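Novice: What follows is the residue order along each chain.
There are 2 protein chains.
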Amino acid sequence: MEQVNVTLTETIRVLLEEKKYNTLRDILITMKPYDIAAVFEELQDEKMPILFRILPKELAAETFVEMDDETQQFLIHGFSDSELKEVVDELFVDDAVDLIEEMPANVVKRILRQADKDMRKQINELLKYPEDSAGSIMTTEFIILRPEMTAEMAIKRIRRTGVDKETIYTCYVTNDYGKLIGIATVKDLLLSDDDALVKEMMEENVISVNTLDDQEQVAQMFSNYNFLALPVVDNENRLVGIVTIDDAIDVIQEEATEDIEKMAAVLPSDKPYMKTSVWGIYKKRIPWLLVLMLSATFTSTIISSFEGALASVIILSSFIPMITGSGGNAGSQASVSVIRSLSLGEIEFKSMFKVLWKEFRVSILCGVTLAVANFIKLMLFDLNGKEGAFWIALVVSLTLIGTIMMSKLVGSSLPLLASKIGFDPAVMANPLISTVCDSLSLLIYFAIATSILGI
Amino acid sequence: MEQVNVTLTETIRVLLEEKKYNTLRDILITMKPYDIAAVFEELQDEKMPILFRILPKELAAETFVEMDDETQQFLIHGFSDSELKEVVDELFVDDAVDLIEEMPANVVKRILRQADKDMRKQINELLKYPEDSAGSIMTTEFIILRPEMTAEMAIKRIRRTGVDKETIYTCYVTNDYGKLIGIATVKDLLLSDDDALVKEMMEENVISVNTLDDQEQVAQMFSNYNFLALPVVDNENRLVGIVTIDDAIDVIQEEATEDIEKMAAVLPSDKPYMKTSVWGIYKKRIPWLLVLMLSATFTSTIISSFEGALASVIILSSFIPMITGSGGNAGSQASVSVIRSLSLGEIEFKSMFKVLWKEFRVSILCGVTLAVANFIKLMLFDLNGKEGAFWIALVVSLTLIGTIMMSKLVGSSLPLLASKIGFDPAVMANPLISTVCDSLSLLIYFAIATSILGI
Chain A
14 MEQVNVTLTE TIRVLLEEKK YNTLRDILIT MKPYDIAAVF EELQDEKMPI LFRILPKELA
74 AETFVEMDDE TQQFLIHGFS DSELKEVVDE LFVDDAVDLI EEMPANVVKR ILRQADKDMR
134 KQINELLKYP EDSAGSIMTT EFIILRPEMT AEMAIKRIRR TGVDKETIYT CYVTNDYGKL
194 IGIATVKDLL LSDDDALVKE MMEENVISVN TLDDQEQVAQ MFSNYNFLAL PVVDNENRLV
254 GIVTIDDAID VIQEEATEDI EKMAAVLPSD KPYMKTSVWG IYKKRIPWLL VLMLSATFTS
314 TIISSFEGAL ASVIILSSFI PMITGSGGNA GSQASVSVIR SLSLGEIEFK SMFKVLWKEF
374 RVSILCGVTL AVANFIKLML FDLNGKEGAF WIALVVSLTL IGTIMMSKLV GSSLPLLASK
434 IGFDPAVMAN PLISTVCDSL SLLIYFAIAT SILGI
Chain B
14 MEQVNVTLTE TIRVLLEEKK YNTLRDILIT MKPYDIAAVF EELQDEKMPI LFRILPKELA
74 AETFVEMDDE TQQFLIHGFS DSELKEVVDE LFVDDAVDLI EEMPANVVKR ILRQADKDMR
134 KQINELLKYP EDSAGSIMTT EFIILRPEMT AEMAIKRIRR TGVDKETIYT CYVTNDYGKL
194 IGIATVKDLL LSDDDALVKE MMEENVISVN TLDDQEQVAQ MFSNYNFLAL PVVDNENRLV
254 GIVTIDDAID VIQEEATEDI EKMAAVLPSD KPYMKTSVWG IYKKRIPWLL VLMLSATFTS
314 TIISSFEGAL ASVIILSSFI PMITGSGGNA GSQASVSVIR SLSLGEIEFK SMFKVLWKEF
374 RVSILCGVTL AVANFIKLML FDLNGKEGAF WIALVVSLTL IGTIMMSKLV GSSLPLLASK
434 IGFDPAVMAN PLISTVCDSL SLLIYFAIAT SILGI
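If you read the protein sequences in the order shown, they are chains A and B. Read in order, the letters of the first sequence correspond to residues 14 to 468 in my numbering. Read in order, the letters of the second sequence correspond to residues 14 to 468 in my numbering.
Isolated chain A (complex conformation) (with noise of 0.2 Å):
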């Protein structure tokens, strides 16, 4: 389900090449736009304006918004300017919008130049806004209701106007100064009787979202209160366009996205896998390595320090690995748990006490099954009769106590801090996290090794 079959393409390609166009015709109109987009994706033909042409005009504009910027640009580049005005006449305003976010600038003048002035005027206030804003990813193309109508005048309106806008299923009732009031949906309308005036029937409770909210938050929203849309207004509470739940399901993937690259040290981008160069994939990796590997020092410096003791109980140095794992480990389970309920909406940086007092009895918990799962194991298979065997499993069993409570502390304040800071709890919290554990956890380790031991 998930990827086109390679078949289809092949004998899709077989077809261009033979000019059957009928026979492609009916093939490509049983599809749906996401279908055919990954054809126009796999293909990667010259013939591809050829088979774009095929298209019925508006399962074309579908289908290109489904496609990756690679696959539009050369669409466009084989495109004349009529066929261009065509697609562009189809499109959605935020459909359009995102198009031109990703082409460069001289495609966008063509696109701009193939737009109608009011498609322009509209595409140009939406590039206004911030990246990630609730006003980038909105609409404009709304459905308007009057107080005063009737149920019946109003569902005339809709079968009037409804045809270019992206939903017409949820209506957005506005005064006379622009001002949201309420919120009618089609299910009201249809429901009730002809001659209900919409005042009655709508929600005056409406929930809205401002122009620069964050588009993580919007998304949010439409998980929390199951909308179909949401109204975006600007600081006067006047409506300006709405968010429409297919483009907050897409934000939700991104974000999801975005917090496992961060987490996993990878910098984010919004440009699938599989669609990255070698060059782009590099560029997003190493910084991260770079920075991990120079932070490193720490440990090294801590480990140089205690040469001395390492020297003298050589066995010592062969338990660093399973220390600075488990507590890499540790810290990144707590973190984790602690950045994606930041990322849910469901903790905030007031819960850090909560937090701290619920991670510290956990760690506790789980320092010492791994202390005693730890010693029953030196005891009787590493260290079996190894002489001073007691006293180094002691060292390393505590050891485990101590890096367990202090990685699973920092592991869940970190993120919070961060969020409090303004600092994305995703971002500074696994890469550091592990560098900070990885330092402390060696300092205790030596610290209890020198005092136990005596070295």
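Calculated from the structure, these hints are not laboratory results. Just so we're clear, the structure is a prediction, and the values are computed from it rather than from any experiment. It is possible that part of the hints are untrue.
Identical copies look the same in the list; a pair holds intra-copy or inter-copy alike.
When the alpha-carbon atoms are kept at most 25 Å apart in a straight line, the in silico DSS-like pairs for lysine-lysine are as follows [as the list claims (entries may be wrong)]:
id, residue 1, residue 2
1, 288, 70
2, 169, 200
3, 192, 45
4, 296, 98
5, 433, 367
6, 98, 134
7, 363, 284
8, 178, 390
9, 284, 367
10, 288, 367
11, 212, 169
12, 212, 200
13, 141, 192
14, 178, 134
15, 363, 288
16, 288, 60
17, 141, 288
18, 212, 45
19, 45, 70
20, 192, 178
21, 178, 212
22, 284, 33
23, 178, 200
24, 98, 141
25, 200, 70
Given chain A, put chain B in place with the hints provided.
Specialist: Structure of chain B alone, referenced to chain A:
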């Protein structure tokens, strides 16, 4: 926005104490179900049933659905049988099923006793589907149209039967045998002439899912195709239910959280962090911590077996955390890219060769960059003026190249192999990869060190 203001809950607590029920009602009816539910969860008071009775019937049911299990259970214990019946009657079938799945057996019995016969039958049908299947998240309340109806008749039917349907906007057209033959949206119906036939305007090329399809795949289809609802059919293509977009969003959020948790070596659960007890969190975290600690035996064994080499050039041990750390980071970068792409349906096992070739080139770039940076750093700072500095720096830098290349290849191929053999890529990926990478990194390190330094 995300959390209810504590002051509001406090106000409500005081008003409840003072029995100002009219004021309470005025406050509550201006709020959304999600926010009212948050107030109840914060309140946790024996007066909750009283507050709940203040809510209008429909709002009460909607609020009930948004509450966490504990609060729901607490309320049910306080309900009389007729109160419970009122709430159950207002629930959509899929919400009733969710509720039943969370409640203990005695509460389930009470709920089922209050449900009317028809609903009980539907609930029992839905309970049969496996967890995480399309059948388990679908609802059986939807609008059915027949192909011979006119648009006018269809709209009449919607107006008559729509009130207790979860969505009226997508209607399903079935033939005499209950087979799904088309989809007509309210938009199609409203924008057509009154006497246009449903079969003329319906979309015949319907995408549907099977009751047993995985919910993650189903949710992904919403994001690909911009649906508001998706029909679910049985093996004979008979329409048995629909999945609505609000449930799909919940699945998307849950699956992202699960992936993130698994990557951080936490057993996934569907309970929010703050709602999980200390013991619950411990049980989610300790298994992987134990496994990873025990598997670190490999690294300890490797280090021990090179004790001699380490003792003669003791400084080598100070670079161990940096090398295993860099390898771990490089590996998790690659695995996360692959895991996320698998989740979003962007790649499949058959792309393995493409992925490996990509990662191979990225790993050379990353490895060489790190090696050069590290060599310069060691020569200028860490080892500056030390005996044999050049050769040690060379060993460490060459190790970095080998480690990064190995880690990227292991990190990208393991999740793909896991998906091939039906394992969850996210589960096996990160924890397993770090163990494999740590061990291999050390082997590379000691192999290079012993051959170059002749120890």
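Novice: Hint by hint, say whether it matches the structure.
Specialist: Here's how the hints hold up against the structure:
When the C-alpha separation of residue 288 and residue 70 is checked against a cutoff of 25 Å, the pair qualifies neither within a copy, at 27 Å, nor between copies, at 51 Å. Both within a single protomer and between protomers do residue 169 and residue 200 lie at most 25 Å apart by alpha-carbon distance, with minima of 14 Å and 12 Å respectively. For the identical chains of this complex, residue 192 and residue 45 are inter-copy neighbours only, at 21 Å across copies versus 38 Å inside a copy, given an alpha-carbon limit of 25 Å. In the homo-oligomer, the alpha carbons of residue 296 and residue 98 never lie at most 25 Å apart, since the shortest distance is 37 Å inside one protomer and 60 Å across protomers.
For the homomeric pair residue 433 and residue 367, the shortest alpha-carbon distance inside one copy (16 Å) is at most 25 Å, but the shortest distance between copies (42 Å) is not. For a Cα distance limit of 25 Å, the shortest separation of residue 98 from residue 134 inside one copy, 16 Å, qualifies, whereas the shortest one across copies, 55 Å, does not. In this homomeric assembly, residue 363 and residue 284 come within 25 Å of each other (Cα to Cα) only across copies, at 21 Å, whereas the closest approach inside a single copy is 35 Å. For the identical chains of this complex, residue 178 and residue 390 are neighbours neither inside a copy (67 Å) nor across copies (60 Å), given an alpha-carbon limit of 25 Å.
Taking the shortest alpha-carbon separations for residue 284 and residue 367, only the inter-copy value of 17 Å comes in at or below 25 Å, while the best intra-copy value is 38 Å. Taking the shortest Cα distances, residue 288 and residue 367 sit within 25 Å of each other only across copies (12 Å), while inside one copy they are farther apart (43 Å). Taking the shortest Cα distances, residue 212 and residue 169 sit within 25 Å of each other both inside one copy (16 Å) and across copies (23 Å). Taking CA atoms no more than 25 Å apart as the test, residue 212 paired with residue 200 passes in both settings, with 15 Å inside one copy and 22 Å between copies.
Proximity of residue 141 and residue 192 under a CA criterion of 25 Å is satisfied intra-copy only: 21 Å inside one chain copy versus 49 Å between copies. In this assembly of identical chains, the alpha carbons of residue 178 and residue 134 lie at most 25 Å apart only when taken from the same copy (17 Å versus 40 Å across copies). With identical chains, the CA atoms of residue 363 and residue 288 are at most 25 Å apart between copies only, with a shortest distance of 16 Å across copies and 41 Å within one. For a Cα distance limit of 25 Å, the shortest separation of residue 288 from residue 60 inside one copy, 21 Å, qualifies, whereas the shortest one across copies, 57 Å, does not.
Taking identical chains as interchangeable, the C-alpha atoms of residue 141 and residue 288 are never at most 25 Å apart, the minima being 28 Å within one chain and 41 Å between chains. Taking the shortest Cα distances, residue 212 and residue 45 sit within 25 Å of each other only across copies (19 Å), while inside one copy they are farther apart (39 Å). For a Cα distance limit of 25 Å, the shortest separation of residue 45 from residue 70 inside one copy, 14 Å, qualifies, whereas the shortest one across copies, 41 Å, does not. Proximity of residue 192 and residue 178 under a CA criterion of 25 Å is satisfied intra-copy only: 20 Å inside one chain copy versus 32 Å between copies.
For a Cα distance limit of 25 Å, the shortest separation of residue 178 from residue 212 qualifies both inside one copy, at 22 Å, and across copies, at 24 Å. With identical chains, the CA atoms of residue 284 and residue 33 are never at most 25 Å apart, being 34 Å at best within one copy and 55 Å at best between copies. Taking the closest pair of Cα atoms, residue 178 and residue 200 come within 25 Å of each other both inside a single copy (17 Å) and across two copies (10 Å). Within a single copy, residue 98 and residue 141 get their C-alpha atoms as close as 23 Å, which meets the 25 Å cut-off; across copies the closest is 53 Å, which misses it.
Proximity of residue 200 and residue 70 under a CA criterion of 25 Å is satisfied inter-copy only: 19 Å between copies versus 30 Å inside one chain copy.
In this structure, the hints that do not hold are numbers 1, 4, 8, 17 and 22, in rising order.
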